[in-house]
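J.: Sequence:
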Amino acid sequence: MSTHSYKKHEDRESGALPDKMNVFQDCQRAFNATPVDAKRCRVLLSRLLRLLYSGETFPRQEATTLFFSISKLFQHKDSSLRQIVYLAIKELCKMSDDILMVTSSIMKDVQSGDITYKPNAIRTLARVLDGTTVNAAERLIKNAIVDKNSAVASAALVSSYHLLTVSKDIVKRWTNETQEAVLANKSYPTTGEGYVADSLTSQYHALGLLYELRNHDKMALKKLIQQFSKNLQNPLAICQLIRYLNEILQNDTSLIPTLFPLLHDWMYARHHSINLEAIKVVVSLPVTNAQFADAIQRLQFLLTSPKTVSRFAAVRILNRISLKSPEKIASCNAELESLINDQNRSIATYAITTLLKTGSSDSIERLIKVMSKFINEISDEFKIIIIDAVKTLSLKFPQNYQAMLNFLVDMLNDEGGFEFKNAIIEAMFDLIHFVPESRDLALESLCEFIEDCEFTELSVRILNLLGNQGPKTTNPTLYIRHIYNRVVLENSIVRSAAVIALSKFALIDANINKSVKILLKRIVNDVDDEVRDRAIISLKFLESIDNSTATKEEIVELTKPSHTYDLALLENRLQNYLSGDVSSFVTPFDISSIPKVSEDEFRAIELQRKSTKFDNDHRKEAVSDDRAPAADEGVQTAELAKQLYIQELSQVSAFSSYGAILHTSAVVPLTDKETEFIVEAVKHVFAEHIVLQFNVENTLDSAILENVIVEADPEADLGEAEIIPIDSLPPHSKGTTYFAFARPEEPKVFSVDFSNALSFTTKECDATTLEPLDDGFEDKYDIEPLSINAGDFIVASFIGNFDMAFDELTAEAVGTFQMESESIQEAVDQIVQNTSMHPVEGKDVFNESSHTLKLFGKSLDGERVGALIKFAKSGRNPVALKAVVKADDEELAEAVLEGVAA
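In full-length UniProt numbering, the protein residues as written are 1 to 902.
Fair warning: there could be bad hints in the mix.
[Stated by the list, open to error] DSS-like, lysine-lysine: derived pairs with alpha carbons at most 25 Å apart:
{"no.": "1", "residue 1": "Lys142", "residue 2": "Lys168"}
{"no.": "2", "residue 1": "Lys780", "residue 2": "Lys763"}
{"no.": "3", "residue 1": "Lys854", "residue 2": "Lys843"}
{"no.": "4", "residue 1": "Lys673", "residue 2": "Lys222"}
{"no.": "5", "residue 1": "Lys748", "residue 2": "Lys854"}
{"no.": "6", "residue 1": "Lys521", "residue 2": "Lys596"}
{"no.": "7", "residue 1": "Lys673", "residue 2": "Lys734"}
{"no.": "8", "residue 1": "Lys324", "residue 2": "Lys843"}
{"no.": "9", "residue 1": "Lys870", "residue 2": "Lys843"}
{"no.": "10", "residue 1": "Lys230", "residue 2": "Lys168"}
{"no.": "11", "residue 1": "Lys20", "residue 2": "Lys94"}
{"no.": "12", "residue 1": "Lys763", "residue 2": "Lys357"}
{"no.": "13", "residue 1": "Lys108", "residue 2": "Lys72"}
{"no.": "14", "residue 1": "Lys763", "residue 2": "Lys673"}
{"no.": "15", "residue 1": "Lys882", "residue 2": "Lys854"}
{"no.": "16", "residue 1": "Lys108", "residue 2": "Lys90"}
{"no.": "17", "residue 1": "Lys517", "residue 2": "Lys472"}
{"no.": "18", "residue 1": "Lys596", "residue 2": "Lys472"}
These are computed hints drawn from the structure, not numbers from a lab.
With the sequences and hints as input, model every part of the structure.
T.: Here you go:
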């Protein structure tokens, strides 16, 4: 209850809470008066409840006194007073003593049959009872659950929820009555008492209570769903049943074929709320393409509903699906376009952002023009949604940067709060970083923005960007003027950032160096010490460079290195170094052991990280709200996974001389998750070696595995191998075994298949002590083969102009293939994973019959490689593709072509 929900004509101080002591004293006098003034008592009880609902408490003695004073009002015949008395008793019983004394009075009202008091009496009774007295009220509550009046039944069912924590065993005895309440057709009275509500609300409460009693048993829950799937009439109850069904199917997808007919029927039920709940479940499950298309078809119908809430819910679900599978909702584009001009601007916003994700590059400019017409009519929250969509598009379709940048600049000039402006700045930063052609225009727009920017944090970030990107432009002096204006006109924080940004322009040429020094000398007299210190340090640094014998290239490499360290690995090594013994500090930290990453590789990693982060942030909300798949919630970035592997491998002495890991693959499952032994593989490539890491899990209850290894048999001779076994693997535990061999000198990029078998000695053991009961026997367990291909020797690399770089490559290999994939999108995802290359364009498929994918990367030796792949699919035929692979080396091009459809 809000403490500020009062009318405007009331006293301006009415929002303040009443004095607790005054309320206590007034209540004592009024409740013990003779005769009782019902109207005054109602006012005092309202003030008391207002205190209690706002979090105020009374000492136990005072609460007990109030409790028993209020209980005297049971004798009054005023129905309004009696109803508020129950509310007060229900709140005070939490902090009072001897509350059981009023049980008989409450039970009398429960037995009286007066509908005015009975529901409130039942709710209060549940708060008064404890584990020793709940038996006395068992018969009353059981009878109330099956009462013909839905208000009484609902009160008894909701009270049973609270009694579960008091005595769950007794509540279980009411299961038959609860089932009867689910199926009963109850009604509210419509005369006199003032109860007007859905006549079947008790179904919803009864179903929830049954779930609380059975949710520990999957079979019982499945039976509950099948039992009531055809008998429920209340839409809330049906929606709740759909949620229970979703819980079962998320945990056991093998039940989807059996239970999907229920979801299909609900998708076409009379109530739109039921349709939408069923659709959300369907699109969150690994259903067939036909079943998914059925859900999309129903959403397509709901987009044309006259009900605003139905249209909003439908377009919101489509918007979330578009984050993961935009190609699957392309059939709804016509209906979505009709919603762009919807009177509800929230619906229009979701419609147009969904179209932006599902449309092609040809439709982007048209959609952006439409957005510009109503963007000022919506709130900042929905503006940020649109900006996020535009940011994603700018990374998918860099060739359309002009329209998107103009739209962002127009938005930047509009009024808005920090979150809104920050979202625009983030989008423009990504454009500058990943679409180099947009840099000059974007920087000029940002310069104009900071001339009148009210947010210090944004000004500092933009100045830092100008310092990094401005010297690379064709007219750097333009940015020097804007930066120096900040030194003159802004606060000390912005001036400090401007000094550093300004000093970075001094390395361009001698003339600019001289001008920048003049400006810095003016700043050394600034009133703020931080600004002065930064100016002096910058001048000293520039003077030291002038006196240095280093070349300009060496100086630029010192201030702006073309390579950066693998930061995840650097952090991990530093943590290990600092956490070691004091004696380990005698040896200096060896930074040469940390591999460097080129600027292009770093950009590719950043782009992948941003795309993954955007998908994960939205996919947590996507499709099934708080029931999003757990797999999406636990996604780790490649950097963190690599860091973990490095830490594990560093503890293996046999690999200490191998050096740094150059490439690590994704996890490759070699068994099903339901088998006795679960095996996964990870491939690590070093400068002169390859290590196959096999993660093994023993799922048996009473067997220990000893001397566990994976016998990896390559199809080609790879020389001697180093095998590190798992000494012991107790029941329900995990371990890691390794298979390492030397990389051949030629070819540097190669493919080889391994046939694998899990070899071990199994011993029966005691389930509690885990002591072996016998000598055991040797055994083998066949697992899936593993392949090393070209993708294991390639790292993703960012490229601004793919066509120009592709034409520069001299060696070429061309091939045509067929892939047994259900869709082009599935084939694209598989090729991106196989090749480990960066998808410059075409990772997301919007046309189900044809598509073009562009990939770029570098070998571990630094040789460039690019691929242009065209896909085609007709009906149920396999996906056909033509791949053109170009590289600096012919051998590399052939190897990548071979691995495209591996």
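J.: Hints first: check each against the structure and report whether it holds.
T.: Hints, verified against the model:
| no. | hint | verdict |
| --- | --- | --- |
| 1 | Lys142 with Lys168 | holds (14 Å) |
| 2 | Lys780 with Lys763 | holds (14 Å) |
| 3 | Lys854 with Lys843 | holds (8 Å) |
| 4 | Lys673 with Lys222 | holds (23 Å) |
| 5 | Lys748 with Lys854 | holds (24 Å) |
| 6 | Lys521 with Lys596 | violated (37 Å) |
| 7 | Lys673 with Lys734 | holds (13 Å) |
| 8 | Lys324 with Lys843 | holds (12 Å) |
| 9 | Lys870 with Lys843 | holds (12 Å) |
| 10 | Lys230 with Lys168 | violated (29 Å) |
| 11 | Lys20 with Lys94 | holds (18 Å) |
| 12 | Lys763 with Lys357 | violated (56 Å) |
| 13 | Lys108 with Lys72 | holds (14 Å) |
| 14 | Lys763 with Lys673 | holds (22 Å) |
| 15 | Lys882 with Lys854 | holds (12 Å) |
| 16 | Lys108 with Lys90 | holds (16 Å) |
| 17 | Lys517 with Lys472 | holds (19 Å) |
| 18 | Lys596 with Lys472 | holds (23 Å) |
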